[in-house]
Amino acid sequence: MDARERIVRRTALELQDGEVVNLGFGMPVGIANYISPEKAIIFQTENGALMFGPTPELGSEDSDFANAASQPITLLPGSSIFDIATSFAIIRGGHVDVTILGALEVDQSGNIANWAIPFDEVKYLPGMGGAMDLVGGAKKVIAILKHCDKNGNSKILQSCTLPLTGKGVVDTIITDQAVFSVTENGLELEEIAPDLTVEALQMVTDASFTINPNKVREYQMGF
Amino acid sequence: MNKVRSLDDVINQVKDGMTIMIGGFLGVGSPLQCLEKLSEKNVKDLTVIAIVNSYPGGNFDLAPLFKQKQIRKFITAHSGTCPEAIQAYKNGEVEIEYYPMGTLIEKIRAGGAGLGAVVTPIGVDTLVEKGKEKITIDGKPYLIELPLRADIAFIKGFRADTLGNIQYRGIAINSNPVMASAADYTVAEVNEIVELGSIDPERVGTPCIFVNAVVEGYPIAEQQALYRELWIKSGYLHPKAE
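From first to last, the protein sequence lines stand for chains Y and G.
The working numbering numbers the first residue of the first sequence as 1 and each following residue consecutively.
The working numbering numbers the first residue of the second sequence as 1 and each following residue consecutively.
No wet-lab data here; the hints were simulated from the structure.
The structure displayed is predicted, hence computed values, not measured ones.
Take the hints with a grain of salt, since some may be wrong.
[To be verified] Below, a sample of chain G positions facing chain Y; criterion: calculated Cβ distance under 7 Å:
1) Pro56
2) Asn59
3) Phe60
4) Tyr98
5) Pro100
6) Met101
7) Ile105
8) Arg109
9) Val119
10) Asn174
11) Tyr185
12) Tyr218
13) Ala221
[As the list claims (entries may be wrong)] Cβ-Cβ distance ranges computed for the label pairs, FRET-style:
14) Gln13(G) / Thr183(Y): 56 to 64 Å
15) Asn33(Y) / Ser234(G): 42 to 50 Å
16) Leu58(Y) / Glu40(G): 27 to 35 Å
17) Ser234(G) / Lys215(Y): 29 to 37 Å
18) Glu188(Y) / Pro201(G): 52 to 60 Å
19) Gln220(Y) / Pro201(G): 34 to 42 Å
[As the list claims (entries may be wrong)] Derived coverage of chain G by chain Y (criterion: at least 3 residues anywhere in the stretch with Cβ under 8 Å from a Cβ of chain Y; other residues may be distant):
20) 21-34
21) 43-55
22) 66-78
23) 135-144
24) 156-167
C-beta: ideal position from N, C-alpha, C; glycine also.
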């Protein structure tokens with residue numbers, strides 16, 4: 001199982017029956033495929049719908065029904081459709097229980113950077129889309145990312161280096177190697193990959209984190 | 001009163017240097033035929049306001065406007081889906097102004113609704129707050145975001161009657177009804193034009209007073225075929241496994 005699949009399967013366990021959930025661009029959208037069938041999650045798509053279902057089969061797609069990545073979707077019984085102003089009233093107004101966002105960097109103060117890669121002085125790509133609204137409005141913010149970049153450098157930092165999406169907004173960080181909760185006193189290790197020692201995890205983590213040996217569990221994989 | 005116009009008529013209203021709003025979300029609910037005509041006419045120096053950029057992958061939707069360097073300034077929440085825009089931005093041919101998506105739609109709403117500003121907590125402690133007035137309400141910091149308006153808005157609906165009442169279809173509503181209210185001249189491109197009285201008032205998503213011109217775009221069957229092909233090409237739609 002590759003790092004992405006580990007992260008996605010682990011993150012799916014965070015979602016509880018009945019929650020209103022917004023999945024961000026990229027890796028998070030895949031989480032919908034790993035939800036236990038006993039859980040009824042109300043997924044929101046920021047372009048304007050609640051309760052969407054799986055990708056349609058060829059022939060039953062509709063050009064006016066797509067998700068926030070412009071991919072065709074179906075709607076489930078009980079779904080609703082609205083314009084973008086209403087969609088962001090839902091997001092910013094505190095009506096989303098959980099948002100799961102991919103991140104470029106997170107840090108021990110709960111900061112997240114996921115919208116701006118600078119390529120020139122004051123020029124950035126690709127833009128924040130709905131991410132700033134989501135971290136500002138959702139009741140719980142889960143940041144998911146690979147623990148290290150391709151050069152082996154930690155993406156869980158003492159302090160983010162890229163422009164922030166939100167300051168002190170992250171509640172939970174899930175990587176392919178560990179799960180951390182963000183507390184008033186910084187990061188607390190919740191789960192650690194079975195093949196990893198705490199010392200080895202510290203070696204690949206720039207941020208400092210606390211460990212309560214009675215609490216730390218083995219990394220869960222679930223459904 | 002009959003607001004039905006030809007595509008050429010409405011595109012002739014667009015002049016170099018104008019600010020225009022384009023409805024849609026990554027190509028869904030986009031006024032495609034108006035965009036095609038805009039790139040054909042090759043008006044320049046435009047400021048374009050759109051919630052996000054073109055359908056992913058380029059060469060469609062907003063992308064030709066960037067390719068032909070028709071856009072001087074792009075106001076949006078996200079620009080990463082359009083290779084032509086990224087190239088133009090890197091070449092210094094286009095300026096991009098980013099707003100959080102919820103802030104952007106509210107700025108447009110404020111522009112159409114006669115409000116003086118939007119007061120929002122989103123963007124505080126980020127680059128977004130740069131150069132903006134900040135106020136504290138009940139101990140919480142907010143940014144003052146100013147309204148946005150356009151000379152012309154191009155929106156996309158499903159049906160219009162001859163008076164300009166617009167009915168939307170599916171999740172293609174997105175930014176269209178908000179933009180319809182925030183321009184001096186609003187053009188609605190629709191799949192079909194119907195007689196006055198054929199749209200149930202409860203189904204009217206944008207009342208006719210917001211709409212100055214109605215143009216006929218792709219019939220719904222053609223639109224379905226177009227996106228089917230696009231989605232297959234993008235790998236978003238797969239033939240049934242046997």
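So, going through the hints one by one against the coordinates:
no.	hint	verdict
1	Pro56	holds (6 Å)
2	Asn59	violated (14 Å)
3	Phe60	violated (11 Å)
4	Tyr98	holds (5 Å)
5	Pro100	holds (4 Å)
6	Met101	holds (4 Å)
7	Ile105	holds (5 Å)
8	Arg109	holds (5 Å)
9	Val119	violated (12 Å)
10	Asn174	holds (5 Å)
11	Tyr185	violated (21 Å)
12	Tyr218	violated (9 Å)
13	Ala221	violated (10 Å)
14	Gln13(G) / Thr183(Y): 56 to 64 Å	holds (58 Å)
15	Asn33(Y) / Ser234(G): 42 to 50 Å	violated (19 Å)
16	Leu58(Y) / Glu40(G): 27 to 35 Å	holds (32 Å)
17	Ser234(G) / Lys215(Y): 29 to 37 Å	violated (45 Å)
18	Glu188(Y) / Pro201(G): 52 to 60 Å	holds (56 Å)
19	Gln220(Y) / Pro201(G): 34 to 42 Å	violated (53 Å)
20	21-34	holds (count 5)
21	43-55	holds (count 3)
22	66-78	holds (count 3)
23	135-144	violated (count 0)
24	156-167	violated (count 1)
Violated hints for the displayed structure, listed by number in ascending order: 2, 3, 9, 11, 12, 13, 15, 17, 19, 23 and 24.
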